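Chains as they are written, first to last, in full-length UniProt numbering: chain V, 1 to 242; chain W, 1 to 242.
A hint or two may mislead.
Same chains, same label: a pair holds when it works inside one copy or across any pair of copies.
Claimed, not checked - With a straight-line Cα cutoff of 20 Å, these simulated EDC-like cross-link-like pairs (lysine to aspartate or glutamate) come out:
hint, residue 1, residue 2
1, K149, D199
2, K186, E148
3, K186, E151
4, K186, D206
Read the hints as simulated data drawn from the structure, not as lab findings.
Every value quoted in this text rests on a predicted model; they were computed, and no experiment measured them.
Number of protein chains: 2
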Amino acid sequence: MLFFTQCFGAVLDLIHLRFQHYKAKRVFSAAGQLVCVVNPTHSLKYAPTRCAAAQTSAEQGILSPCHHHEAVHDPQLVPCTCPLFSCPWEGHLEVVVSHLRQTHRINILQGAEIVFLATDMHLPAPTDWIIMHSCLGHQFLLVLRKQEKYEGHPQFFATMMLIGTPTQADNFTYRLELNRNQRRLKWEATPRSVLECVDSVISDGDCLVLNTSLAQLFSDNGSLAIGIAITTSKVHNAEAEI
Amino acid sequence: MLFFTQCFGAVLDLIHLRFQHYKAKRVFSAAGQLVCVVNPTHSLKYAPTRCAAAQTSAEQGILSPCHHHEAVHDPQLVPCTCPLFSCPWEGHLEVVVSHLRQTHRINILQGAEIVFLATDMHLPAPTDWIIMHSCLGHQFLLVLRKQEKYEGHPQFFATMMLIGTPTQADNFTYRLELNRNQRRLKWEATPRSVLECVDSVISDGDCLVLNTSLAQLFSDNGSLAIGIAITTSKVHNAEAEI
Numbered sequence: 001m002l003f004f005t006q007c008f009g010a011v012l013d014l015i016h017l018r019f020q021h022y023k024a025k026r027v028f029s030a031a032g033q034l035v036c037v038v039n040p041t042h043s044l045k046y047a048p049t050r051c052a053a054a055q056t057s058a059e060q061g062i063l064s065p066c067h068h069h070e071a072v073h074d075p076q077l078v079p080c081t082c083p084l085f086s087c088p089w090e091g092h093l094e095v096v097v098s099h100l101r102q103t104h105r106i107n108i109l110q111g112a113e114i115v116f117l118a119t120d121m122h123l124p125a126p127t128d129w130i131i132m133h134s135c136l137g138h139q140f141l142l143v144l145r146k147q148e149k150y151e152g153h154p155q156f157f158a159t160m161m162l163i164g165t166p167t168q169a170d171n172f173t174y175r176l177e178l179n180r181n182q183r184r185l186k187w188e189a190t191p192r193s194v195l196e197c198v199d200s201v202i203s204d205g206d207c208l209v210l211n212t213s214l215a216q217l218f219s220d221n222g223s224l225a226i227g228i229a230i231t232t233s234k235v236h237n238a239e240a241e242i
Numbered sequence: 001m002l003f004f005t006q007c008f009g010a011v012l013d014l015i016h017l018r019f020q021h022y023k024a025k026r027v028f029s030a031a032g033q034l035v036c037v038v039n040p041t042h043s044l045k046y047a048p049t050r051c052a053a054a055q056t057s058a059e060q061g062i063l064s065p066c067h068h069h070e071a072v073h074d075p076q077l078v079p080c081t082c083p084l085f086s087c088p089w090e091g092h093l094e095v096v097v098s099h100l101r102q103t104h105r106i107n108i109l110q111g112a113e114i115v116f117l118a119t120d121m122h123l124p125a126p127t128d129w130i131i132m133h134s135c136l137g138h139q140f141l142l143v144l145r146k147q148e149k150y151e152g153h154p155q156f157f158a159t160m161m162l163i164g165t166p167t168q169a170d171n172f173t174y175r176l177e178l179n180r181n182q183r184r185l186k187w188e189a190t191p192r193s194v195l196e197c198v199d200s201v202i203s204d205g206d207c208l209v210l211n212t213s214l215a216q217l218f219s220d221n222g223s224l225a226i227g228i229a230i231t232t233s234k235v236h237n238a239e240a241e242i
């Protein structure tokens, strides 16, 4: 009996996933775009993450592994870049992706253009939606965060970070696009490196920022579809010159 | 002597204007785009404007001339749509433009694509930057407002309104574009009619919203260049289908 109940649950989940996939396809009608349904994770905002600890050390005049990874004993080791959890892991930049997949169960998607479908946008802040995106021979971390910068007024912040060095990040441009209800919002920028803290990118507001009413206008039944594209910076510069 | 001083002042102003024009041209390098330098006006936010008065009446159950212009004694008369000042004027929709030009000294610009260069972005809220834009046989009102929705945290809100009816407004799409420091932000939407209050569009947040840090990233020496383009909605829909 338990077996049948579980099977039925799995089938229902599949139907739900298929329905959400269809909705996102309808929004981004370009054929061949990969749609990824991303479920929220309650953000452990107040937990002392490595990043926060590193920032505190930096304020106290101690070099932080987050902003100054040269200060780590082995200069080739970087701390865990997962924005969700406090994690004592550190390792080489090349193995950050497998650590994020295996330990933090962050999905990875292939493709130049994908659609990130964040579900349950109504959940209270702090909440994060995270995936990795593999493209142009590199891996990127996409973070959508619901956060209350001003008490009682949650906002959504979306940014893309390269799992690589700041110098490597300078070679790319990422684009986030929202398109619904006869409104379109596009944000294009150079990704930051995961060696910089995602928290500081968001607190600086140097990312796509949405207030709740705009997020609702762009959402469909509580889900927000974000079209993502990554190009090399040369293409971006050529466009700017046209 | 006074004559020479004034002449010298005028020449300095011209050089300053030319310099700002050059800066905006450098940002939006497309040839032939008209650049309009727009100076700020301190917004009389707390004055009982017709709009605010109309909204109070609406709350009290009285039909408001702002949201329900059918309720004006002569249904063809509309109140002054200037978002800056309380003004007792009312007239036909066709003469709103000449009223705004003559009484409120709001500049009007011709051209499908123009660059709106808002100066002195550092001025405290509430401040407005306003021009009219004549394009595709219609006139539009562009409003950039600096306002503190959350005390101590000023934000910038930009929207475009058709000086016409809501039905006419549905035929157009406007685009606002910021482009600087390897970042690009584009907002596309259907303009609202000036018969709706600009104040409610901004309080709903259904417009381009910039926090102070993003506004600084897009500004050049205290001036913010916004590229503006208006198209008919058919073009917009065709683009969305591609």
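Inset, instruction - Would you list, in rising numerical order, the hints stated earlier that this structure does not obey? - result: As far as the earlier hints go, 2 and 3 are violated by this structure, in ascending order.
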